[in-house]
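Make the full structure from the sequences, and use the hints.
If you want the building blocks of each chain, they are given just below.
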Amino acid sequence: MSKPVLKISNVNKSFGGLQALRDINLEIEKGKVHAIIGPNGAGKSTLLNVCVGLLKPDSGSVTFNGGINVIGKSPHEINQMGLARVFQTPEIFPDLSLLENVMIPAFSKRDGAFHLQLFRSLASETKITQEAKEVLASVGMEAKADEIAGSLSRGDKRRLELAMCLIQHPDLLLLDEPTAGMARHDTNKTIELLKKIKEGGMTKIIIEHDMHVVFSVADTISVLAQGAIIATGTPDEIRGNPIVQEAYLGGAEL
Amino acid sequence: MNSIKQQLMNLFKKQSDLTTILLFAAGVLTMPIWLDPIGANYPDLLQKFVIFGIFAVGYNILFGLTGYLSFGHAVFLGVGSYTAVWSFKLFTMNVLPAMLFATLISGLIAAAIGFVSMRRSGIYFSILTLAFAQMFYNLAYSVLIPITNGETGLQLRMHDIRIIDNYFSDPAPGLPSTELFGMSMNGYSGFYFCAVVLILAFYVAMKIFRSPFGMKLKAIKSNQHRMRYTGSDTRPYLITAFIISGMFAGLAGALLAVTDPLAGAERMQWTASGEVILMTILGGVGTLFGPLLGVGIIKYLENIFSTINESVLQQFFSFLPQWGENFMVAIVSPFVGDGWHLTLGILFMIIIIFLPGGLMEGFQKIKKRYLTKGVKDSESTTKQE
Chain A
576 MSKPVLKISN
586 VNKSFGGLQA
596 LRDINLEIEK
606 GKVHAIIGPN
616 GAGKSTLLNV
626 CVGLLKPDSG
636 SVTFNGGINV
646 IGKSPHEINQ
656 MGLARVFQTP
666 EIFPDLSLLE
676 NVMIPAFSKR
686 DGAFHLQLFR
696 SLASETKITQ
706 EAKEVLASVG
716 MEAKADEIAG
726 SLSRGDKRRL
736 ELAMCLIQHP
746 DLLLLDEPTA
756 GMARHDTNKT
766 IELLKKIKEG
776 GMTKIIIEHD
786 MHVVFSVADT
796 ISVLAQGAII
806 ATGTPDEIRG
816 NPIVQEAYLG
826 GAEL
Chain B
878 MNSIKQQLMN
888 LFKKQSDLTT
898 ILLFAAGVLT
908 MPIWLDPIGA
918 NYPDLLQKFV
928 IFGIFAVGYN
938 ILFGLTGYLS
948 FGHAVFLGVG
958 SYTAVWSFKL
968 FTMNVLPAML
978 FATLISGLIA
988 AAIGFVSMRR
998 SGIYFSILTL
1008 AFAQMFYNLA
1018 YSVLIPITNG
1028 ETGLQLRMHD
1038 IRIIDNYFSD
1048 PAPGLPSTEL
1058 FGMSMNGYSG
1068 FYFCAVVLIL
1078 AFYVAMKIFR
1088 SPFGMKLKAI
1098 KSNQHRMRYT
1108 GSDTRPYLIT
1118 AFIISGMFAG
1128 LAGALLAVTD
1138 PLAGAERMQW
1148 TASGEVILMT
1158 ILGGVGTLFG
1168 PLLGVGIIKY
1178 LENIFSTINE
1188 SVLQQFFSFL
1198 PQWGENFMVA
1208 IVSPFVGDGW
1218 HLTLGILFMI
1228 IIIFLPGGLM
1238 EGFQKIKKRY
1248 LTKGVKDSES
1258 TTKQE
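As you go down the protein sequences, you meet chains A and B in turn.
Residues in the first sequence are numbered from 576 upward in steps of one, following our numbering.
Residues in the second sequence are numbered from 878 upward in steps of one, following our numbering.
Hints in this document: simulated from the structure, not taken from any laboratory.
Heads up, a few of these hints could be off.
[As the list claims (entries may be wrong)] Covered by chain B, according to a simulated footprint, are these stretches of chain A (three or more residues, beta-carbon under 8 Å): (1) 645-656; (2) 689-700; (3) 779-786.
[What the hints assert, rightly or not] Straight-line Cα separation of at most 25 Å, PhoX-like style, residue types lysine-lysine; simulated pairs: (4) A:Lys702 - B:Lys1084; (5) A:Lys648 - A:Lys631; (6) A:Lys702 - A:Lys764; (7) A:Lys719 - B:Lys1244; (8) A:Lys770 - A:Lys605; (9) A:Lys771 - A:Lys578; (10) B:Lys1242 - A:Lys719; (11) A:Lys732 - A:Lys764; (12) A:Lys708 - B:Lys1242; (13) B:Lys1084 - A:Lys684; (14) A:Lys578 - A:Lys770; (15) A:Lys631 - A:Lys770; (16) A:Lys719 - B:Lys966.
[Claimed, not checked] Heads up, incomplete: computed chain B residues facing chain A, CB under 10 Å, no partners named: (17) Asp894; (18) Lys1084; (19) Arg1112.
We put the CB at the ideal spot given by N, CA and C, even for glycine.
Written out as structure tokens, the structure is:
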């Protein structure tokens, strides 16, 4: 087994009297798509926020790429490590054009957290411009490159946000309910896109409600219930697991 | 005929750095000609146009690109003036060292104020900058009197040491005047010198607007949260923008002292900071030319509109019968002379309500309408062919 990209060990987190995460142990393997599912309030978002260093766990550790500590790092440090994130509501730059939206993360990747180049002309950035156009094309949005991002539909904003993450070639991509609030048509388009990215071998964690999405794209699934992981396995194993059916699916057939 | 029009439009669309700066330089240097018909062609006012132009162009780098609204930029204007006058008193009447020192020291103070203020955003940032501005303003009248000379203002004196000048030649009788290697900085020569500085400052601002750095600042303005998760540490970017705009303001302050070598603390009052905000919004926040347009309008109203009195109005309306003349004078007079603020206020409200992007938004709309019409025309002609 190859080294895990992200390793979560013995993580506990409680808010007041509520224990949101109980003794979580998870290893995300390189090149795999790992889905985390669970009913509302199971602790999925808390777990994700711990993974990106946004929330400090009460105990336990989260390490990235073979031992780099994640906890307590600021968002830009996390990203510079190679961890990109897609939010539940798409976070883009609404006042900039699509092309600029994709160029910015490429600049951040190339320049690091802070780099002063006051007089470098944008027109001379042909390499990044070209790259941004290619990435936009890979999500099928090259025709809209000069449009202002704020006017896009929600599904298109999501695709743009994915493009913004893809151009950075992150070691790990975190997707928080990538199809939340989307129409069926947009959901299917997003699944197609996620499958396409999967072929590229990028490691991903997906948090998702939509079982259709999860079973279409995931290699491994962990089921979270009441703050604890009750099962981890392949989609088929999870589908046939009686505990999962009992706890999460209420005994319903999948 | 059509192809020339097409080429012109292409030139307009592309807006390469070179064409922009050449057009701009031509526009600024010919100001005495095209401002003559509207009565604004006198050196004092021309100097103010270009000096406050530098102030506004620099302010726009902060406010226009990052969206951070500073209420304290007049501090840098004042610091620039004081530094320049001190350079005249201590070293030389040559304006270049004065401008250099003024820019550097305002940059240093901007770094300090920016470092603290940028810990907060939005309204809290604005209040912090305002607090700093008021602190400097009041210090100038109290603790800092040895540097600022209090209410009298800092002026040149006969017995100033002026180390460099006095080393090379004996002091001439009378107060010396500011100069650039022998060229006096009064009147039109002063204007042309400031105009060249404005063109350079504009060039710097344009390069920043069109650099990856400028694009990153726009991204911070658009969604700072996303910018952080995209791997950029936003605070140093914001502080840098603050320092640059502070340096522009310091340079403008130095030029105020170059054209009139005295510095007073009233230059640092918060109303002066408010003025540059008005200018920027009036012309168009975040556009290259907008702030300059705002400067032109406000300084014009302040200096020309405010001098129109009743007798001028009576002359203007003298073609009307007596009762009509009296009527028109009565209606118009509250808006001119001392009432020019009323005109400014109404203009400001109209623009904010109908053109939130400032006058530049209006021009963009007109240009867009014209351009799309032009494209349609050429399309239809090609179809006919």
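Here's how the hints hold up against the structure:
1. 645-656: It holds: at least three residues are needed, and the stretch 645-656 of chain A offers 6 whose Cβ sits within less than 8 Å of chain B.
2. 689-700: Three-residue rule met by the stretch 689-700 of chain A, so holds; n is 10.
3. 779-786: With 0 residues closer than 8 Å to chain B, the stretch 779-786 of chain A misses the three-residue bar; violated.
4. A:Lys702 - B:Lys1084: Holds. Lysine 702 of chain A to lysine 1084 of chain B sits at ~19 Å (cutoff 25 Å).
5. A:Lys648 - A:Lys631: holds, 10 Å
6. A:Lys702 - A:Lys764: violated, 29 Å
7. A:Lys719 - B:Lys1244: holds, 22 Å
8. A:Lys770 - A:Lys605: holds, 16 Å
9. A:Lys771 - A:Lys578: Holds, at about 24 Å.
10. B:Lys1242 - A:Lys719: holds, 21 Å
11. A:Lys732 - A:Lys764: OK: lysine 732 of chain A and lysine 764 of chain A at ~13 Å, within 25 Å.
12. A:Lys708 - B:Lys1242: violated, 28 Å
13. B:Lys1084 - A:Lys684: Holds. Lysine 1084 of chain B to lysine 684 of chain A sits at ~22 Å (cutoff 25 Å).
14. A:Lys578 - A:Lys770: holds, 23 Å
15. A:Lys631 - A:Lys770: violated, 32 Å
16. A:Lys719 - B:Lys966: violated, 60 Å
17. Asp894: With a minimum Cβ separation of about 7 Å from chain A (threshold 10 Å), the hint on aspartate 894 of chain B holds.
18. Lys1084: holds, 5 Å
19. Arg1112: Result: holds, 9 Å to nearest chain A Cβ.
Checked against the numbered hints given earlier, this structure breaks hints 3, 6, 12, 15 and 16; the rest are met.
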